[in-house]
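**Q** Protein chains in written order, with my numbering: chain A, 97 to 470; chain B, 122 to 402.
Hints are computed from structural coordinates only; laboratory data are not their basis. All C-beta atoms, glycine included, are put in the ideal place defined by N, C-alpha and C. Treat the hints with care, as some may be off.
What the hints assert, rightly or not - With a straight-line cut-off of 20 Å between C-alpha atoms, the simulated SDA-like cross-links for lysine to any residue are:
| # | chain 1 | residue 1 | chain 2 | residue 2 |
| --- | --- | --- | --- | --- |
| 1 | A | Lys462 | A | Ala450 |
| 2 | B | Lys289 | A | Pro387 |
| 3 | B | Lys289 | A | Met463 |
| 4 | A | Lys281 | B | Ala383 |
| 5 | B | Lys289 | A | Arg185 |
| 6 | A | Lys106 | A | Ile118 |
| 7 | A | Lys462 | B | Phe235 |
| 8 | A | Lys462 | B | Asn286 |
| 9 | A | Lys281 | B | Phe386 |
| 10 | B | Lys289 | B | Pro320 |
| 11 | B | Lys390 | B | Met318 |
| 12 | A | Lys281 | B | Gln389 |
| 13 | B | Lys390 | B | Arg319 |
| 14 | A | Lys462 | A | Arg375 |
| 15 | A | Lys181 | A | Leu191 |
| 16 | A | Lys106 | A | Ala145 |
| 17 | A | Lys181 | B | Tyr312 |
| 18 | A | Lys181 | B | Gly260 |
Claimed, not checked - According to the in silico footprint, chain B covers these stretches of chain A (three or more CB under 8 Å from chain B):
| # | stretch |
| --- | --- |
| 19 | 99 to 111 |
| 20 | 196 to 208 |
| 21 | 300 to 308 |
| 22 | 353 to 363 |
| 23 | 398 to 408 |
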Amino acid sequence: MTSMSRVLNKPVGRALFSLLSIGLLVWIAHWFLGPAVARSVATGGVSVALLVYGLSGLSAAMRRIGNQPGHALYPAVSAINRYWKANQRRLAPWLFLAPGCLMFAVYVIIPIFQSIWISFYDWDGLGEAQWIGTANYAEMASDPNMVTSFRNNILWLVLYMLALPAGLLIAIFLNQTIRGIRLYKSLFFFPFVISQVVVGLIFSWFYAPGFGLLYKVIEGITGQGIAILADPDLVTYGIIAAGLWPQIAYVMILYLTGLNNVAPDQVEAARLDGAKGWRMLWYVILPQLRPATFIAVVVTVIGALRSFDLVSIMTSGGPFGSSRVLSYYMYEQALSEYGYRMGYGAAIAVVLFAIMMVFISGFIWKMWRDETER
Amino acid sequence: MFPRPIQQASPGLQWMYRAALPIALLVWLFPLLGVAVTSVRPASDLAQGNYFGIPSYLAFENYGDVFRNTPMGRYILNSFVVTIPTVIGAVALSLMTGFALAIYRFRSNLFLFFLFVAGNFVPFQILMVPVRDLTLSFGMYNTYWGLILFHIAFQTGFCTLFMRNFIKALPFELIEAARVEGVSEIRIFWYIVLPLMRPAIAALSVLIFTFIWNDFFWAMVLTTSPETQPITAGLSSLNGQWVAAWHLVSAGSILAALPPVAMFFLMQKHFIAGLTLGAVK
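Same shape as in the complex, but just chain B:
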């Protein structure tokens, strides 16, 4: 193990390590903590210049204000309505593409695989004008489906990479045995491979959920009004209105951060397994 386990160090050093951990964490998360505290600081404190002291009371009314005076509830709802179908769609499509690319040998296999991988890395800007046009011509500009369909298509690139490598690691003998028994290819996919994919589906779902929830660029390009804007775009436009109302900006930020954070803590193992795919050989 590297570095040497701290248990082998002198007691003094061990004690120092244990003390350094929380201090380092505090420094690391300091900006976030500051915003969390500001989100429950009453507006009067800010007006009197009490920016860093203890809030004179815990003003949870800031959150109430955000919901009452802005379409925040609507933004959060929109984010969920866009994110959930995207996760389902991208996972479903990539299960199929990943299966095809992992199991079958055909001439353009690697070419298609790398097309998906490369497409996943391109800058969004090169897609922006045509995708906006396409969405307009489908009549889906400023609707949920406009965003959902694009996200599904784009995320299929990353998901295919993930699924293909996962299926490739499954024992191929399973599939060969089924083929010898005369099981059709579609049944092999449905009854043999799919049940083994549960951990991959879980990992990918949390990952895609976070990616889509946090998407800002496409929310700006494909939606324009509070009826359809997800929370990232909503927060940005509210930020323009709330000049110097930092208690509200902070409350809004914390609200926007909560769902992905909750997702991460609930599904931590899957989340990290998904992100670090390929970091070990």
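Okay, chain A solo, but in the shape it has when bound:
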């Protein structure tokens, strides 16, 4: 081990060591996982190594020059050092923020404005974009698919809210301390961990005409099965039910944590005053669950408006486009076999964004108030 640490103590040794280990990793990746993974590993390994060595080399060089008053760069380096010493409390936050802010700006903040910009163009994604002003928005107003998508989005939003009472109910049901209850809680939480793609496939199987379980049950009761995903009037309800399954699990875990932290003395005091059941829940428990309810509302609203995966997997917007939502319709317009209408797609996205912004502003406003009150 001592020879190893002697190698690692010298800069050249360190460089050789990291070069060797990156090479080894790339080689392993190449042999076991194929050239594409190997390329990916190589790019990542080399860029991380360059970053680390660049930064540490720079700081080491500056430290060395800072101790050599005769060095040509000494005045500059010592000025920088002095400046840093005097101002580090002011500079450090920006240093720490720079990489995260850069990435976030490039991939999230700037694209929002670019999308708004693109929504005023007619563009197929490849050729020349043509400025058409608000024509995309005008088209939207008379687009029947837009009306369907919009109505479905409202339906999602309203019905998704059922996750709150349902989640609370299950949380109350499970908030006991008996043997094995922890396992029950985690198994109840299960649907949330699974990908929505899998949830969509599971429910497609559940609804499948002819042999799907729900189909069979309905057939057994009424003598006539219903193919939910093929019925334009029922299809959205069917997809929302699938979406509620993981959402209820999420809300449940939020409320379980909340219930765990309800002040026991207040509950006891209320009990002594004769409060029970509904009155206890409404007047004593729910007010204490307000932080949990807030987060549950936030994630449920966002989840409802983001509903893309399930629609895409279960029906692809069908039958006859009756289960489209804005997020899916946008994708369909901008990036599917139906055509590359980037401008129109962007305009739909802007509408969805505007709806979302109403809610986001509300959340942010409440968080801002909490933050400045503290």
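Following the hints, complete the assembly by docking chain B onto the known chain A.
**A** Chain B in isolation, oriented as in the chain A frame:
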């Protein structure tokens, strides 16, 4: 405690509660159980209409078929190759942004913080066209790095919220004491704050792992071929090919669900701590 502990109820009621628990669980997980059973049901059973009975034998060959006849192995590998660097990158970036926003007072602090929070809530569709263009112009369309870089950037929003609140809850005296000793700000981050962040890093890592593994939209937008598609996108395209081959669809679904489920069970405490952040004050 609410509701009243079941131990205080009558023995009959207690017995009923204990019986109701497994029944409720069975009903709750019924669709999942159905798919799990279908995944080991031989194709011949399905052909004969045995959809719900006991499988005539346990057909683990369905899983073998999925791996042999489809790029499932490749999809799973792709998912790991995309997910792991994303987790590392997002956690690393947000440790720094979270530290900056929690420790320093400067004028745009709250504004930046809420920008991260708000950005994390925007619909993906508003980013889709520009991000796809950007990825194309970087030459990273249909590559791992295209997906990884976007995911890192987007997840930084949520991670920053998480890290900032966690660091804010640390005792500030630690940092003040170090400053009095003349420790530089970078050393404070590395030697004082970072070692205290271990539980937050664990919680965030499992959470981000699950989010990225389960991502479907960006996999559809930024990748197109089985060489790079993660399992969610792969499963969706296989679903189109396997018309009515429900035993294969089920096996594929179970395979796609396994890694996040395993992650959740191994790191349960961290996972729930991460998800319920802010649910209690």
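**Q** The structure should be examined with respect to each hint, and the outcome stated for every one.
**A** Consistency of the hints with the structure:
1. Lys462(A) / Ala450(A): holds, 19 Å
2. Lys289(B) / Pro387(A): Holds. Lys289(B) to Pro387(A) sits at ~18 Å (cutoff 20 Å).
3. Lys289(B) / Met463(A): holds, 15 Å
4. Lys281(A) / Ala383(B): Cα-Cα ~16 Å, so holds.
5. Lys289(B) / Arg185(A): holds, 17 Å
6. Lys106(A) / Ile118(A): Between Lys106(A) and Ile118(A) the Cα gap is close to 18 Å, so the pair holds against 20 Å.
7. Lys462(A) / Phe235(B): Since the Cα atoms of Lys462(A) and Phe235(B) sit roughly 11 Å apart, the hinted pair holds (cutoff 20 Å).
8. Lys462(A) / Asn286(B): Within the cut-off at roughly 16 Å; holds.
9. Lys281(A) / Phe386(B): With Cα atoms ~12 Å apart, Lys281(A) and Phe386(B) stay inside 20 Å; holds.
10. Lys289(B) / Pro320(B): Holds, at roughly 14 Å.
11. Lys390(B) / Met318(B): With a Cα-Cα distance of about 16 Å, the restraint between Lys390(B) and Met318(B) holds, given a limit of 20 Å.
12. Lys281(A) / Gln389(B): Holds. Lys281(A) to Gln389(B) sits at ~11 Å (cutoff 20 Å).
13. Lys390(B) / Arg319(B): Judged against 20 Å, a Cα distance of about 13 Å means the pair holds.
14. Lys462(A) / Arg375(A): violated, 27 Å
15. Lys181(A) / Leu191(A): holds, 14 Å
16. Lys106(A) / Ala145(A): Holds: Lys106(A) and Ala145(A) sit about 16 Å apart, inside 20 Å.
17. Lys181(A) / Tyr312(B): holds, 19 Å
18. Lys181(A) / Gly260(B): violated, 41 Å
19. 99 to 111: That given contact is violated, which follows from only 0 residues of the stretch 99 to 111 of chain A lying within Cβ reach (below 8 Å) of chain B.
20. 196 to 208: holds (count 11)
21. 300 to 308: holds (count 4)
22. 353 to 363: With 8 residues in contact (Cβ-Cβ under 8 Å with chain B), the coverage given for the stretch 353 to 363 of chain A holds.
23. 398 to 408: holds (count 6)
In terms of the numbered hints stated before, the structure departs from hints 14, 18 and 19, listed from lowest to highest.
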